[in-house]
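**Student:** For reference, the chains in residue letters:
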Amino acid sequence: MNDYPLRFDENKQTRLIPFIMSGDPSLDVTIELIKMMEREGVTAIELGVPFSDPQADGPVIQDAGGYALANGVSLSDVLTVGKKVRQQGCKVPLILFSYFNPLLQYGLDILAKDAREAGFSGFIVPDLPFDESESFRNTAKNVGLPVIQLVAPTSEQRIEQIVNGAEGFVYCVSSAGTTGMRTHFSEQITDFLANVKQKSQIPIAVGFGISTPEHVNFFSQHADGVIVGSALVKQIAKRREQLLEPKHNKEAMEEIATFVRSLLRKA
Amino acid sequence: MSQAEKRFGAYGGQYVPETTMNALMEIEAGFKEAMQDEEFLAEYRQLLKDYSGRPTPITYAKRLSESLGGAKIYLKREDLNHTGAHKINNTLGQALLARKLGKKKLIAETGAGQHGVATATTAALLGMECTVYMGEEDVRRQQLNVFRMELLGAKVIPVHTGTRTLKDATNEALRQWVAQIEDTFYCIGSVVGPYPYPQMVKQFQRIISDEARQQILEMEGRLPDDVIACVGGGSNAIGMFAAFLDDSQVRLHGVEAAGRGLETDEHAASLSKGTPGVLHGSYSYFLQNEHGQIQPAHSISAGLDYPGVGPEHAFLKDQKRVDYSAVTDEEAIAAVKALCTLEGILPALESAHAIAQAMKLAKERSQEDILLICLSGRGDKDVETIREVISSEGTA
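Going down the list, the sequences are from chains A and B.
Its first residue numbered 1, the first sequence is counted upward by one per residue in the UniProt record's numbering.
Its first residue numbered 1, the second sequence is counted upward by one per residue in the UniProt record's numbering.
Hints listed in this document are in silico derivations from the structure and should not be mistaken for laboratory results.
Treat the numbers as computed from the prediction; the structure is a model and nothing was measured.
Heads up, the beta-carbon is just placed ideally off N, CA and C, and yes, glycines get one too.
It is possible that some hints are incorrect.
[What the hints assert, rightly or not] Derived Cβ-Cβ restraints for the label pairs, each shown as a range:
no. : chain 1 : residue 1 : chain 2 : residue 2 : range
1   : A       : T183      : B       : D247      : 54 to 60 Å
2   : B       : P158      : A       : Q13       : 43 to 49 Å
3   : A       : Q242      : B       : K32       : 55 to 61 Å
4   : B       : E150      : A       : E156      : 36 to 42 Å
5   : A       : Q198      : B       : M35       : 35 to 41 Å
6   : B       : R260      : A       : Q201      : 53 to 59 Å
7   : A       : E214      : B       : D183      : 26 to 32 Å
8   : A       : Q242      : B       : Q143      : 38 to 44 Å
9   : B       : L217      : A       : N164      : 50 to 56 Å
10  : B       : M35       : A       : L244      : 55 to 61 Å
11  : B       : D246      : A       : N2        : 50 to 56 Å
12  : A       : S26       : B       : D247      : 19 to 25 Å
13  : A       : E156      : B       : Y60       : 37 to 43 Å
14  : B       : D210      : A       : G144      : 51 to 57 Å
[Stated by the list, open to error] Which residues of chain B face chain A? A partial, calculated answer using Cβ under 8 Å:
no. : residue
15  : T19
16  : M35
17  : A179
Pulled out of the complex, with its shape left as it was, chain B reads as follows (with noise of 0.2 Å):
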């Protein structure tokens, strides 16, 4: 195999320990036949379709559109997915390629829990074993998730390394997975890790855009002018940038958290502030100090609260296809306050980040141009998190 397929440009590749190779060998054959194989894709489309409600609608978010003044704002409702996000077009996918490969057992990272819960629904749709890692701060943090996970019948690990959230969790799957890897197939969650499962979780994800791109064709007649994701390791960015990627009109923009603002150390913005270097497996930006030691990640919203991020966007960055910023805890809350009230939507803490740049654009734009955003969670699991914050405020 040629070392460019597992890259993209310089990004990617495969920096694992050597008694893991064997299994992404093993993975990606199987994969690259399963994207062959009819009635793989017709078992996937199906489960997609009767399993998780796709596809999921586009909405014009018409009270956001008016108040901003300017673009016309619509949005790819991944929220409408069963189990409330993106995340299960994925596990979907990489279930039924385990359970192909002839795997029982699934194990998975999970940040915010939504990944977590994706598989451990998916396992127990497939009747598959199913061990989620978790850190415990994320833990803390999302204890509906973590309910959730196991009334689904999954074991969920608190990790207590490290910084004790997703980029521990990782490393803990990792481990574990080489300890069981015959019969184990480790779920990724992310358009991270390496190389295949950057450009597989892509592959599964790009539905999003599959769909988006064909819906505002319909409703509008023409491609959008700007597309707008959240990005943490990026898969919900990389599922809505894959179908527009090659319309070079269409503006794409990667929206990263920013914490407490870029100009504090507590921020996960990798891309705007990281540099490049290696971690679970593939080469892209980080944050790290100068020795390259990975620093800690921080944001309000758990499942971007990861110090790294998936290759190809590494590799859209450099290549200015993709424009990359980043928005606030503040500003996220205040989206979500926004989209509540005037669209009755609550949008998870990691898609409100998208809609908080969203409503920057907007008002730049003129009311001819079309803005379309990924949605790509509901915010149920944030209610907690979200009024600790408002609460907090109103006693300031």
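So that you can see chain A by itself, here it is in the shape it has in the complex (with noise of 0.2 Å):
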């Protein structure tokens, strides 16, 4: 039913996910910056709803965040994007990521159904913990969509009971705080992920705080996807005036993509 499923392809040395805000700065941009990563060979895309409140995230995503909603940035925009890239024929996995009260006010149901036709390929809600999540995760079953499911270094006794109800993948938080790039690590990390992988019958990917192509080079040992969000996101918004204007757009597309393919070690 899933015609966009997510792939994790074992010949790659690298699988990456960003994360992208919807409408920073316009969603015409935010269009090519999906067939643009598509291009570089990204696993999948997780695409951002903004929304007023966002409890999970630092700075720089609330700052992406807050910008799009000062454009009018909705839900119903961030599905029609993903209408839009797959008639222009991109195939590149797409989730949606949003925090559960846009996801509630648009209705569940209809967001399942319109998210499936939108072609989208699963959902985030950073916000809607696995023991809140039965309902939405049928819902969204009932369309053959995942809802990626998190687990932190913290949830200790809650991992195996999590992991055995994931769909898609497993999506680690790397270490406690908000979304937003770090200088190190904990050392127990590599502990918790192999704990999760061990557990996990489905592949799983770590993020949080994954900024830079070291992150990612040392991340891919320990799991099967590396996530990265605030460090892209920081990126696009240094070029917000460029990619707006059709004379700069070109250039500060390739200096973005230059970041993305550094990240996935074939600069």
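Put the two chains together into one complex; each comes in its own frame, and the hints tell you how they fit.
**Tutor:** Written as structure tokens, this is what we have:
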């Protein structure tokens, strides 16, 4: 039922899952960014829906969401982005990343159906922990889409239960705190990832704070996929004006592509 | 654990990032244990008595009642607590629990600054570190309370994101808590947030009505006809209603802030004008647009300036057990003046909303009727705001 299923290609040495905020700096640029990242060979893309109160996010993604909201970007617009890139032949899996309230107000049943029709491959809802997610997981399952579950180093005895009910992949949160770039990670992180990997029947990906090619390289040895959000969002935010100007757009897009390539170690 | 235990009907729950879940489970277990622990409860009661000065009295507002010509009005004097509001009932309870759980640091959000002051006070008393997150706009409005918190040894961190008020201070406190969850306890100031906070804060605030119910029985020999409290997040109201919920003959009234009017966009009446949604960890009523984006609230009272409300209030509204109404900035100011000149009591602007609604009700009631209002805090912190309004009225 899912036209664009999540797949973790075993032949790739780096399976990168970038996050971008829809509508930063514009919905058209978001479409261009998706196409560019598909060309660069990313494994999937998390497409953020802006929210007024992003409780799990650090300053960079808060700022990107605030910018998109000021532009009037809504969940419907993000679904339209999916529809448009599919019409243009994009095949890369797209994960709708949204806080729960915008989904709830849209209506969960109709959202699942619309997201499936718009060519999305799954959902991540950062403020919907496993215990609260059963009903939405069932709704999404009915249209063939997974609701990706997060586990954190603090999940401890919860890990097994979450992993057993997980679909798509397991999103491992690297460390306590919000999204955002970090300079170092705890030494226990590899034990945590090994523990989740051992319990999980499906691929695991790791995110939160991963910002450099060195980080991506390191985590690729301990997880099936690596998620980069804030570092990429910052590269985009830095070039808002150029991206919006036809004269400079190409150059700015190429600079961002170079950053993505460096994460994929193809530079 | 059953999902029902986490909710009031459909409302409540735990809509938080997975990184927070373990800490919530730890608090839940600790809280349940503490409620069975005689030593814990004895220390809590001792502090309420010797430190905060409980029980707070109820005062018959004779001249106010007579001026309205209707029901007899009684005030539950939470303004006479140490630090000047009901907030300390909760912070003493939560800080003792934090200590029991081995946490050394308290963090809190604050709007008007009353909860921040109460948390800072409690942290000083128990020798704990304290950080308070406060919206930049509230820092400006409530400078005196910022200074009080700092004087009490707390660190006040202004929050520059979003609407720069209580909502955003709560976001930031939640974010910062996650980053230091091992050694830090988040002391939430109202009956909001994820389970078990609404249930826990209720438990620590129900002392208000446990006392008041007994006191009115002693003074009048019967229960009141109406009980009235203001509602922002709703902690003083839940505390004031708790002991009366099963007394079906007692009418309960929650009073929200109508700001510049319910017909405008500038109010904080989540129950009267909002819709169900999810924010700050629970399913409740919020001011939001059709896309689920939370909208700014407005009230002259910083403590009511919040676009949401505790989940139990949402439940009590749906059950029709509590009647929720709203009072404008202007009506609240008029109530401040009335209570000052007729009773010699300066109420907090928050509490003035309850007074204003009670003044309307009293006129409709007979002289045999009894109204009991929760006077949740004193108004010293609001003198500057009130002075600005009154002096601008004078020149208008």
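**Student:** Now tell me, hint by hint, if it's right for this structure.
**Tutor:** Going down the list of hints, with the structure as the test:
no., hint, verdict
1, A:T183 to B:D247: 54 to 60 Å, "holds, 59 Å"
2, B:P158 to A:Q13: 43 to 49 Å, "holds, 46 Å"
3, A:Q242 to B:K32: 55 to 61 Å, "holds, 56 Å"
4, B:E150 to A:E156: 36 to 42 Å, "holds, 37 Å"
5, A:Q198 to B:M35: 35 to 41 Å, "holds, 38 Å"
6, B:R260 to A:Q201: 53 to 59 Å, "holds, 57 Å"
7, A:E214 to B:D183: 26 to 32 Å, "holds, 30 Å"
8, A:Q242 to B:Q143: 38 to 44 Å, "holds, 42 Å"
9, B:L217 to A:N164: 50 to 56 Å, "holds, 54 Å"
10, B:M35 to A:L244: 55 to 61 Å, "holds, 57 Å"
11, B:D246 to A:N2: 50 to 56 Å, "holds, 51 Å"
12, A:S26 to B:D247: 19 to 25 Å, "violated, 59 Å"
13, A:E156 to B:Y60: 37 to 43 Å, "violated, 55 Å"
14, B:D210 to A:G144: 51 to 57 Å, "holds, 54 Å"
15, T19, "holds, 4 Å"
16, M35, "violated, 22 Å"
17, A179, "holds, 4 Å"
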